[in-house]
Amino acid sequence: MRPLKDMELSQETIAKIDARVEKYPTKRSAALPLLHLVQEEKGYIPDEAIEWIAKRLELNPINIYEIITFYPMLKRKPMGRKHVRVCRTLSCALRGGYQVCKSLQEQLGCKLDETSANGEFSIEFVECLASCGTAPVIMVNENHHENMDEEKTIALCRELKKNTT
Amino acid sequence: MPEEHRIILKHADEPDYTRDIDCYLKHGGYEILQKAFKMKPDEIHQEVMDSGLRGRGGAGFPTGLKWKFLDRKSGKPIYLVCNADESEPGTFKDKQIMYKDPHQLIEGMIISAFSIQAKQAFIYIRGEFFEGARILEEAIEEARAKKFLGENILNSGFSCDIVVHRGAGAYICGEETGLIESLEGKRPYPRIKPPYFPAVLGLYQSPTIVNNVETLCNVKHIVEMTGKEFSKIGSPGNTGTRIWCVSGHVQKPGYYEFPCGGLTMGEMINEVCGGLMPGRKLKAIIPGGSSAKVLRADERFKGKLKDGSEFDWGIWDIPLDFDGPAAAGSMSGSGGIIIMDDSTDIVQALSNITAFYAHESCGQCTPCREGVQWMRKISKRMCGGDAREEDADLLLSIANQIEGRTICAFGEAAAWPVQSFVDKFKDEFKAYAETSPVSSESGDKQLV
Ligand SMILES: Cc1cc2nc3c(=O)[nH]c(=O)nc-3n(C[C@H](O)[C@H](O)[C@H](O)COP(=O)(O)O)c2cc1C
Ligand code: SF4
Ligand code: FES
Numbered sequence: 007m008r009p010l011k012d013m014e015l016s017q018e019t020i021a022k023i024d025a026r027v028e029k030y031p032t033k034r035s036a037a038l039p040l041l042h043l044v045q046e047e048k049g050y051i052p053d054e055a056i057e058w059i060a061k062r063l064e065l066n067p068i069n070i071y072e073i074i075t076f077y078p079m080l081k082r083k084p085m086g087r088k089h090v091r092v093c094r095t096l097s098c099a100l101r102g103g104y105q106v107c108k109s110l111q112e113q114l115g116c117k118l119d120e121t122s123a124n125g126e127f128s129i130e131f132v133e134c135l136a137s138c139g140t141a142p143v144i145m146v147n148e149n150h151h152e153n154m155d156e157e158k159t160i161a162l163c164r165e166l167k168k169n170t171t
Numbered sequence: 005m006p007e008e009h010r011i012i013l014k015h016a017d018e019p020d021y022t023r024d025i026d027c028y029l030k031h032g033g034y035e036i037l038q039k040a041f042k043m044k045p046d047e048i049h050q051e052v053m054d055s056g057l058r059g060r061g062g063a064g065f066p067t068g069l070k071w072k073f074l075d076r077k078s079g080k081p082i083y084l085v086c087n088a089d090e091s092e093p094g095t096f097k098d099k100q101i102m103y104k105d106p107h108q109l110i111e112g113m114i115i116s117a118f119s120i121q122a123k124q125a126f127i128y129i130r131g132e133f134f135e136g137a138r139i140l141e142e143a144i145e146e147a148r149a150k151k152f153l154g155e156n157i158l159n160s161g162f163s164c165d166i167v168v169h170r171g172a173g174a175y176i177c178g179e180e181t182g183l184i185e186s187l188e189g190k191r192p193y194p195r196i197k198p199p200y201f202p203a204v205l206g207l208y209q210s211p212t213i214v215n216n217v218e219t220l221c222n223v224k225h226i227v228e229m230t231g232k233e234f235s236k237i238g239s240p241g242n243t244g245t246r247i248w249c250v251s252g253h254v255q256k257p258g259y260y261e262f263p264c265g266g267l268t269m270g271e272m273i274n275e276v277c278g279g280l281m282p283g284r285k286l287k288a289i290i291p292g293g294s295s296a297k298v299l300r301a302d303e304r305f306k307g308k309l310k311d312g313s314e315f316d317w318g319i320w321d322i323p324l325d326f327d328g329p330a331a332a333g334s335m336s337g338s339g340g341i342i343i344m345d346d347s348t349d350i351v352q353a354l355s356n357i358t359a360f361y362a363h364e365s366c367g368q369c370t371p372c373r374e375g376v377q378w379m380r381k382i383s384k385r386m387c388g389g390d391a392r393e394e395d396a397d398l399l400l401s402i403a404n405q406i407e408g409r410t411i412c413a414f415g416e417a418a419a420w421p422v423q424s425f426v427d428k429f430k431d432e433f434k435a436y437a438e439t440s441p442v443s444s445e446s447g448d449k450q451l452v
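First to last, the protein sequences are chains P and L.
For the first sequence, the numbering used here assigns the number 7 to the initial residue and increments by one for each residue that follows.
For the second sequence, the numbering used here assigns the number 5 to the initial residue and increments by one for each residue that follows.
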């Protein structure tokens with residue numbers, strides 16, 4: 007195994023991590039929250055984070071690795087700066103979720119399950135987002151966008167492309 | 005038109021209602037907590053028993069009885085866990101409560117924690133509710149600042165804290181023992197019952213109560229109005245209100261709170277939800293989240309109710325309570341009602357559902373892990389224009405081999421849609437093999 011870099015985290019994240027670990031009766035319970043915190047800062051879970059978190063919680067790296075590979079929201083590589091999640095499940099599909107997904111891919115020039123070459127966009131299907139009454143629903147990073155249709159999709163994509171860094 | 009009767013969502017959508025603690029206090033917030041502290045923990049439990057409250061998470065298990073199973077003799081700490089995973093397709097009620105009225109949940113939780121004598125409580129919230137988790141964290145801080153949480157709450161001698169724990173996109177974390185494993189920092193592999201009934205061997209192998217968001221909010225209202233008064237809403241065995249979530253092909257999808265049994269499916273769809281889309285006819289309804297068995301529009305439902313009376317219903321006559329959809333051979337489950345009109349390709353709809361279960365199986369049990377993948381593959385192949393004569397029977401046979409042979413109820417949740425879709429729409433599944441329609445372009449929505 008190649009030697010790992012040291013894990014560099016901001017003071018802010020370290021403080022949040024320390025506070026989180028304190029909250030639980032066992033250290034191990036903090037595994038998922040710590041993975042969320044690392045991903046929030048880094049955008050994904052780098053190799054060195056696995057060892058770092060395991061050490062911090064007095065676990066073996068495999069205990070962390072097996073969590074990462076189970077949960078869809080934990081990523082092993084960076085996603086686009088604008089991460090688009092499209093609900094794929096029945097209530098959304100019945101109201102045009104698949105069409106919205108197609109349109110998003112065309113407008114953003116990014117394929118499903120891929121990240122655009124400039125690192126700007128990723129699009130992925132996700133399962134029911136608990137917003138089925140306002141279907142079809144998508145998320146851009148942490149925000150829900152509801153009642154999507156062709157027109158709203160085009161407007162949203164225009165906005166997203168304008169704010170390209 | 006049947007009038008909504010809002011208890012849980014009473015204030016949520018009022019234009020000037022905000023989710024901060026000042027607004028909550030102005031509306032009588034945390035007064036019921038003070039009332040609760042004047043009672044004994046067992047008295048609160050008795051009120052919950054008297055209320056007839058049934059869990060709103062899916063199984064409809066009586067809450068008072070669940071609390072009674074708590075092992076109080078072990079000497080281990082007792083935990084309360086709020087199930088805010090809300091991932092059953094078609095369900096979006098808990099989100100309304102948490103995003104718009106978080107303090108109601110927190111007050112309900114403190115009262116419940118006091119009754120079961122849990123000093124540590126958790127809210128397990130699905131990972132995609134980024135904002136919801138922040139809202140709850142803020143509300144907990146507000147409550148702590150006002151001494152409703154923390155050490156010696158309001159000088160009652162009772163101490164309690166709540167930790168918000170985020171999931172990360174896995175449906176199986178909604179299953180209570182999977183949730184507990186996840187909260188312990190492991191893969192959310194459901195535990196086998198017996199022996200791992202949470203009330204005896206739950207979180208950290210300690211006695212644990214897992215209740216749904218809506219259930220815990222109800223506890224507050226039970227203490228407010230007494231269990232006896234609560235039990236007068238709805239009907240015996242189906243007490244209180246329920247928040248129904250309607251989605252799919254209706255004019256006004258949304259969440260609607262009614263007394264249990266306060267209206268029929270027909271009233272809900274044709275009056276409350278504004279009816280079907282113009283020119284469309286009903287094809288099928290899934291009455292309790294995607295795990296519930298589908299009901300066909302032209303079915304007749306006959307049998308005997310619990311009270312011995314006979315019924316003969318069409319789909320519109322089904323009463324919306326716990327027992328109505330169950331009497332019709334399905335279940336009210338999570339309260340998520342999914343409507344499909346005659347534009348729906350039923351094989352595609354099932355294929356959409358099997359893709360969900362194939363994605364979400366935790367993989368522990370062979371019949372579930374393998375079966376859901378085969379059901380996905382077969383239904384997907386059918387939609388792709390390569391349906392075979394034997395597919396309908398093959399799907400049924402796989403589903404039948406999953407049901408009853410797994411660690412958790414996910415197995416049933418995955419099998420029931422397949423069994424019911426294929427059984428009730430066999431003609432369409434068979435016709436697929438003859439005509440092999442590729443996803444139709446006639447304006448109907450693509451579902452896979
Ligand atoms: C596969 C599966 C998924 C579930 N998902 C949820 C869920 O998202 N939310 C929920 O409250 N209950 C869910 N449940 C039900 C829980 O296991 C548990 O019964 C419920 O949280 C108990 O709360 P209650 O008694 O208040 O209904 C699920 C059950 C199964 C089998
Ligand atoms: S039934 Fe499926 S989801 Fe449940 S424990 Fe078994 S494999 Fe996992
Ligand atoms: S099906 Fe898309 S939010 Fe529920």
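What the hints contain is simulated information worked out from the structure, not anything from laboratory work.
Since this is a predicted model, take the numbers as computed values, not measurements.
One or more hints might be untrue.
Unchecked claim - Simulated restraints on C-beta separations: (1) L/Pro45 with P/Glu18: 55 to 61 Å; (2) P/Asn153 with L/Arg392: 46 to 52 Å; (3) L/Asn156 with P/Ile160: 52 to 58 Å.
What the hints assert, rightly or not - Simulated crosslink set (SDA-like; lysine to any residue; CA at most 25 Å straight-line): (4) P/Lys22 with L/Asn404; (5) P/Lys48 with L/Gly131; (6) L/Lys104 with P/Lys48; (7) P/Lys158 with L/Glu185; (8) P/Lys48 with L/Arg170; (9) P/Lys29 with L/Lys384; (10) P/Lys117 with L/Gln209; (11) P/Lys33 with L/Gly388; (12) L/Lys384 with P/Lys22; (13) P/Lys81 with P/Lys158; (14) L/Lys123 with P/Asp24; (15) P/Lys29 with L/Glu185; (16) P/Lys22 with L/Gly173; (17) L/Lys256 with P/Ile20.
All residues carry an ideal CB built from backbone N, CA and C; glycine is no exception.
Going through the hints against the structure:
1. L/Pro45 with P/Glu18: 55 to 61 Å: 41 Å, violated
2. P/Asn153 with L/Arg392: 46 to 52 Å: 39 Å, violated
3. L/Asn156 with P/Ile160: 52 to 58 Å: The hinted range 52 to 58 Å holds for L/Asn156 and P/Ile160, with Cβ atoms some 57 Å apart.
4. P/Lys22 with L/Asn404: 48 Å, violated
5. P/Lys48 with L/Gly131: 17 Å, holds
6. L/Lys104 with P/Lys48: Violated, because 31 Å separates the two Cα atoms, which is more than 25 Å.
7. P/Lys158 with L/Glu185: 40 Å, violated
8. P/Lys48 with L/Arg170: Holds, at about 18 Å.
9. P/Lys29 with L/Lys384: Roughly 45 Å separates the two Cα atoms, so the pair is violated.
10. P/Lys117 with L/Gln209: 45 Å, violated
11. P/Lys33 with L/Gly388: Not satisfied, since the Cα-Cα distance of roughly 48 Å exceeds 25 Å.
12. L/Lys384 with P/Lys22: 45 Å, violated
13. P/Lys81 with P/Lys158: With a Cα-Cα distance of about 28 Å, the restraint between P/Lys81 and P/Lys158 is violated, given a limit of 25 Å.
14. L/Lys123 with P/Asp24: Distance ~22 Å between L/Lys123 and P/Asp24 Cα, so the pair holds.
15. P/Lys29 with L/Glu185: 17 Å, holds
16. P/Lys22 with L/Gly173: 22 Å, holds
17. L/Lys256 with P/Ile20: Roughly 47 Å separates the two Cα atoms, so the pair is violated.
Of the numbered hints given earlier, the model fails hints 1, 2, 4, 6, 7, 9, 10, 11, 12, 13 and 17; all others are met.
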